[in-house]
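Asker: Sequence:
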Amino acid sequence: MMLNRLKERKITVLVNILLLVLGIMVLEACKVKNYSVEAVLEYQTPAKLGEGAFWDYKKKNFIWVDIEKKRLHIYNPLNKKNRTITMPSKIGTVVPSETGDKVVVALEDGIYVVNINTEEMSLLSDIEALIKENRFNDGKCDPSGNLWVGSMNLKQTTSSGKLYKVDNQGKTVTMLENITISNGIVWTKKGDIMYYIDTPTGNIRAFDFDLKTNTISNERIVVKVNQKDGFPDGMTIDENDMLWVGMWNGNAVAQYNPKTGKLVSKIEVPAHNVTSCAFGGENLDKLYITTASVDMTKEEREKYPLAGSLFVAIPGVKGVRSSYFKTPVYNKEKLAVGQIK
1 MMLNRLKERK
11 ITVLVNILLL
21 VLGIMVLEAC
31 KVKNYSVEAV
41 LEYQTPAKLG
51 EGAFWDYKKK
61 NFIWVDIEKK
71 RLHIYNPLNK
81 KNRTITMPSK
91 IGTVVPSETG
101 DKVVVALEDG
111 IYVVNINTEE
121 MSLLSDIEAL
131 IKENRFNDGK
141 CDPSGNLWVG
151 SMNLKQTTSS
161 GKLYKVDNQG
171 KTVTMLENIT
181 ISNGIVWTKK
191 GDIMYYIDTP
201 TGNIRAFDFD
211 LKTNTISNER
221 IVVKVNQKDG
231 FPDGMTIDEN
241 DMLWVGMWNG
251 NAVAQYNPKT
261 GKLVSKIEVP
271 AHNVTSCAFG
281 GENLDKLYIT
291 TASVDMTKEE
301 REKYPLAGSL
311 FVAIPGVKGV
321 RSSYFKTPVY
331 NKEKLAVGQI
341 K
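In full-length UniProt numbering, the protein residues as written are 1 to 341.
Hints in this document: simulated from the structure, not taken from any laboratory.
Just so it is clear, CB atoms sit at the ideal spot from N, CA and C, and this is done for glycine as well.
Heads up, a few of these hints could be off.
What the hints assert, rightly or not - For lysine-lysine, the following BS3-like pairs were computed, each having C-alpha atoms within a straight-line distance of at most 27 Å:
1. Lys48 <-> Lys303
2. Lys132 <-> Lys189
3. Lys266 <-> Lys318
4. Lys155 <-> Lys48
5. Lys326 <-> Lys190
6. Lys318 <-> Lys70
7. Lys298 <-> Lys259
8. Lys266 <-> Lys60
Unchecked claim - Pair by pair, the computed Cβ-Cβ distance ranges are:
9. Lys189 <-> Gly261: 14 to 24 Å
10. Thr118 <-> Leu211: 30 to 40 Å
11. Leu78 <-> Lys228: 10 to 20 Å
12. Arg220 <-> Lys81: 18 to 28 Å
13. Val40 <-> Glu239: 21 to 31 Å
14. Leu211 <-> Lys155: 19 to 29 Å
15. Asn283 <-> Glu133: 41 to 51 Å
Work out the full structure, taking the sequences as your base and the hints as a guide.
Answerer: Below, the structure is given as structure tokens:
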């Protein structure tokens with residue numbers, strides 16, 4: 001009897017040890033991982049509100065905007081040169097078109113096509129030209145080459161914004177309403193799911209995406225961002241369909257798993273307000289990051305003197321090629337930049 005009891009105790013102790021080890025392993029697996037390689041300075045510039053990160057894989061350029069300074073930027077990582085085209089009003093986003101010399105941009109009063117060689121502009125859609133309390137913000141193209149672009153309330157206090165789909169002929173359809181600050185938008189590698197951010201909600205939403213009709217359905221929340229990590233801003237997606245989000249007031253790019261809703265990892269960025277990011281480089285293994293120098297205290301400005309600059313990190317995964325805007329077809333008057341009011 002005594003021998004049996006000793007055996008039972010030994011078995012109990014071993015089981016408890018195994019459970020303890022398994023518990024530790026689970027806790028370790030659930031911890032948020034910070035990559036040892038932090039984001040480093042790629043290009044120093046005092047942008048006020050850097051945004052709109054896009055890697056042009058055909059030309060090997062990183063395209064981005066400074067909303068507040070009304071500037072469209074084309075950055076070449078090979079020679080570290082940054083070309084600037086000044087816009088007539090605040091520019092929310094930019095996406096290259098299939099036609100190599102043209103990009104589509106979202107300005108305060110509408111969507112325009114810009115020839116980056118001549119700097120001529122053509123109006124594509126004036127959908128919110130008369131809504132003075134709004135301006136356009138972030139946007140990207142779906143797999144069919146339509147621009148999905150959102151507007152936002154200038155005072156950021158009411159949900160007067162909308163999310164639109166704009167095709168290459170300028171036809172504009174409202175896809176979502178009651179938006180406050182329209183931000184990151186991406187599609188999975190298969191293109192069957194669209195993820196979207198309205199920043200003040202602190203959520204990342206998912207929609208089923210119909211590749212035949214380019215429409216969305218089955219809205220649901222897949223990530224609830226903890227406010228201590230910041231506010232979700234611009235977003236990109238990697239080859240594993242994980243989401244990488246610039247964190248406003250968060251000093252980081254955060255990686256989320258939309259299937260579990262969990263924060264997987266963070267890349268620390270030496271800027272308080274991280275706004276957008278895009279995978280780039282020859283192998284799409286570099287993460288280019290835009291930041292802002294606005295909305296910071298004196299202490300934060302002293303702590304982050306490089307805020308507003310471009311940064312880059314090697315996150316250990318690759319991205320996917322972003323979709324271009326379908327070749328524009330329109331018969332609208334061409335205007336020089338200075339003619340747009």
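Asker: Compare the structure with the hints numbered earlier in the document and write down the numbers of the violated ones, lowest to highest.
Answerer: 2, 6, 7, 11, 12 and 14
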